[in-house]
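Hey, can you work out the whole structure from these sequences and the hints?
As they're listed, the protein sequences go chains V and D. Note that this note's numbering gives residue 351 to position 351 of the first sequence, counting from 1, and the numbers run on in steps of one. With the second sequence counted from 1, adding 1000 to any position gets you this note's numbering.
If you're looking for bench data, these hints aren't it; they were derived computationally from the structure. Predicted model, so just to flag it, every value in this text is computed and none were measured. Just to be clear, a hint being listed does not mean it is correct.
[Said to hold, decoys possible] Distance condition first, Cα-Cα at most 27 Å in a straight line; then the derived DSSO-like pairs of lysine-lysine: (1) D:1211 to V:401; (2) D:1047 to V:206; (3) V:206 to D:1046; (4) V:300 to V:41; (5) V:206 to V:178; (6) V:329 to V:314; (7) V:130 to V:300; (8) V:101 to V:375; (9) V:178 to V:375.
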Amino acid sequence: MAQDAAGQGAQSRFHVPAPPARPGEAPDFSAYSFQKAGEAKRPDPLIDGARTSDLAHGLVGVLDHNHQAVGEWDPRLSPEVLREGLSHMVLTRIYDDRMLKLQRQGKMSFYMKSAGEEAVSVAAAMALNKTDMVFPSYRQQGILIARGRNIVDMMCHCISNSRDNLKGRQLPVHYTWKEGGFFSVSGNLGTQFPQAVGYAMGCAYKGEDSIAASWIGDGTTAEVDFHSALVLASTYRAPVILNVVNNQWAISMFSGISRGEASNFAMRGLGYGIASIRVDANDFLAVYAATRWAAERARKGGGPTFFEMVTYRKDAHSTSDDPGKYRPKEEGAQWPLGDPIDRLKNHLIGLGEWDEDRHAALEREMTAYVTKAYKEAESHGTLHDGPLSPTETIFEDLYDKPDWRLIRQRRDLGV
Amino acid sequence: MPAMNMLQSLNSAMDVLLERDGDVVIFGEDVGYFGGVFGATAGLQKKYGLDRVFDAPINESAIVAMAIGMAAKGLRPVAEIQFSDYIFPGIDQIVSELSRIRYRSADQFRTPVVVRTPSGGGIRGGQTHSMSPEAFFTHVPGVQVVIPSTPYDAKGLLIAATESDDPVIFFEPKRIYNGPFDGKPDAPLKSWAKHPKGEVPEGHYTVEIGKAEIVREGQACTVVTYGTLVHVAEAAAEASGIDAEIIDLKTLAPYDIETIAASVHKTGRVVVAHEAPRTSGFGAELAAQIQEECFYALETPIFRLTGWDTPYPHAHEWAYFPGQERFIRALKTVTEA
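Next comes the structure, spelled out in structure tokens:
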């Protein structure tokens, strides 16, 4: 029997992984090793997907520790575009903060922030065409903001009032905005991932130039829908971008619960023959450049791209959990890839295209904008005090024509 | 009109759909080159090309999800789940997604998907190729559930299902793909050629979803059933001489309560019948609704004739299947009480 010295008495042991640190312990990121910004090569977007192993194991980054843009992936965006991205990210964060406060005041039932992950959504939305359909999870509100949705409408949805475009049927942040190419957010995790592939296949079937993109979290990679999406995307070479937003935490479970023994999530795509790339997702320029690369690949017939967007969830999963109960409080501040807003802001300052005063003015402007928008939203009602969508709307939008069951049940309810 | 069996009429329906609407696509396990394990899609890939009729990976969840995405883009997917016993990996995509996307998006997105799937036993399929899982789906707001019992209805209903914007779960009683079945396992196979509804027009027509049909008029009792058991009920009525009125529901969600109630008010005696297990089967819904509508017209308790609360057995298949003998006993029970 083969057995080395260390294997004396070796036997199978029941194993459950645990994070390196829990509350009261020092944050520990020693297991993380990230390729330096600028080091990753940028291959032709039509590269054979199976040959992206270096990119799956590495990390596409553009902004270095001095906040300068370096390397082949630098998308060379104009200062105007960078300022636009910064502005969308700042608005997203301020919007989230305001909505969280309103939830605490009882103005809405539930809320989910995207703090620390703003670049994931905003940079991708800016890199995609507006006609590209996105199949988001519940943490991509930055896409709506970058695509110019009226934040009054977003708020009306969150407070489920009479102007909620979803007639009060969905939990807050489970937005739908067809006009802006934003698919209906589910809540059953991962279901949108293979749907996005089907949609992308539909675009190709119709001979259109548009593509689809989808986002799930690291925990959701364990769902069957993850495998379904990658199989479909691979089999049918669909023009789709599949993003796993690895924000390190699935409510209270560290990413190792879904990642297992693997060193990262990006390499999972390689087994399907899909171009697979790990991206520093707190780097606006890296997310933008990577998404542009994948979109070009998809539009030119190169097929799908699978991204691991590496980031950190700075706040709670939702208003229903307290992260202080399951992870060290200081972990977010020590996250090695920093904060996406700070990094883009410092980059612009380094270029001489921004300064602290302008940034403070932007924050004041956005705060005032959000406050004013909420006043307007509230004028259309709140979940608590109404007015809501008319009660009879609960019986609408199920079928082409309501059948006798719905007609009778509506009568039974007396509406 | 040509005589067709149910597989040929389903094939004809898909042929018509593919011909008329370039947005119709058909896919599933083995449905492409091979034409499906039962042959329902035979020849369609050759006629319409690889882009329109194609094979899908063996992943029912992926098949439904792909159909949802395509439908959201404006296609009209007709997806096949090879056996309805295999539909469960796809149930989250049906129950949580397909049925609700129109509702939860407040009609911004519609997903007009048809899921075709062979169901029912009597083919020596054992527990994994014989299920009748229709009741699960009747419990899901936002999908319609259809089960034809003849070639004519199968074609007309499948065309109607595909042309409607409503998602439809379309069960095909595979025991009667090749001929009606009288519920006597040893009897020689009958052909659809001799059945009036084995006559099927070549071209386009629809059969209304949500509308039942009285396939045998009678005075003694009402039989409410669907799929294979429609034919068993007819044979049982003939063999026993009991003047049963037999209703073929064709659609379970929404079922045609008007036709049922009118018949029960006339006869006062009811058998509801299905192959699926008894507890929480669709017969339970029918019995509950019938007593609400017709309580004072009922002369006897409603009789539920069903499969047993067991998995579908292999060797003892005919002890499970509600065949002609059990059907006759049911008719006698309600009419002699």
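Task: Hints not upheld, ascending by number - done: none
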